[in-house]
Amino acid sequence: SQQGEEDPQALSIQEGENATMNCSYKTSINNLQWYRQNSGRGLVHLILIRSNEREKHSGRLRVTLDTSKKSSSLLITASRAADTASYFCATDAVDTGKLIFGQGTTLQVKP
Amino acid sequence: EAGVAQSPRYKIIEKRQSVAFWCNPISGHATLYWYQQILGQGPKLLIQFQNNGVVDDSQLPKDRFSAERLKGVDSTLKIQPAKLEDSAVYLCASSPGGLAGGRGGELFFGEGSRLTVL
Chain L
1 SQQGEEDPQA LSIQEGENAT MNCSYKTSIN NLQWYRQNSG RGLVHLILIR SNEREKHSGR
61 LRVTLDTSKK SSSLLITASR AADTASYFCA TDAVDTGKLI FGQGTTLQVK P
Chain F
1 EAGVAQSPRY KIIEKRQSVA FWCNPISGHA TLYWYQQILG QGPKLLIQFQ NNGVVDDSQL
61 PKDRFSAERL KGVDSTLKIQ PAKLEDSAVY LCASSPGGLA GGRGGELFFG EGSRLTVL
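Residue numbers (my numbering), protein chains in the order written: chain L, 1 to 111; chain F, 1 to 118.
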């Protein structure tokens, strides 16, 4: 079963704009990760945020985590055409210890 | 450092035929995962190995799917007989250790093996 659900399913923006993707999950987690997948390729890890952290930055990426609302957001600032990809959140559930992926958000950045 | 290697990249078979996928994880990574990703969906965990032992195979359709990890290194995933709904990308991933990729950190994915069942 899918633990995380991303919103929106698809997002289209212009180069230079910011992109925000949201992830909601159902059970208690140890941490939450975000991955990127270019078309026809494997997934690439972007960032991991632990359950006791509220915000984390990595380059143009900013991730927030609200465990009381069981939600996370990924913000990509100053987007580029090369950011066009699908983005997945993945949760490491406390009860199962498995890393479960959401359905993903497809981001298109127009040059 | 070499990444996770998978082969073949593409495979087309008729339903009821068999197919096997191979994965070579990053050297030294104790944990290996097979995920199934149907078009437009997120990856679904099929099986997780810790060294050469199975940690979780609760979502592996055991009547047709099998997987092994010999000597705690390479792994093969087999489907026999294949059904139309098995058409998907089969992703192999590895992580350095721990019982779950999340606790051990990130997962490193291969490029995947795309299966089309006609």
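It is worth saying that the hints were derived from the structure and are not from the lab. Bear in mind the structure is a predicted one, so any value in this text is a computation, not a measurement. Mixed in with the good hints, there may be bad ones.
Restricting the straight-line Cα-Cα distance to at most 25 Å, the calculated cross-link-like pairs of lysine-lysine (DSS-like) are [claimed, not checked]:
1. L:LYS26 with F:LYS11
2. F:LYS44 with L:LYS70
3. L:LYS70 with L:LYS56
4. F:LYS62 with F:LYS83
5. F:LYS15 with F:LYS71
6. L:LYS110 with L:LYS70
Evaluated hints:
no., hint, result
1, L:LYS26 with F:LYS11, "violated, 36 Å"
2, F:LYS44 with L:LYS70, "holds, 21 Å"
3, L:LYS70 with L:LYS56, "holds, 16 Å"
4, F:LYS62 with F:LYS83, "holds, 13 Å"
5, F:LYS15 with F:LYS71, "violated, 31 Å"
6, L:LYS110 with L:LYS70, "violated, 31 Å"
Going through the hint list in order, the structure does not satisfy hints 1, 5 and 6.
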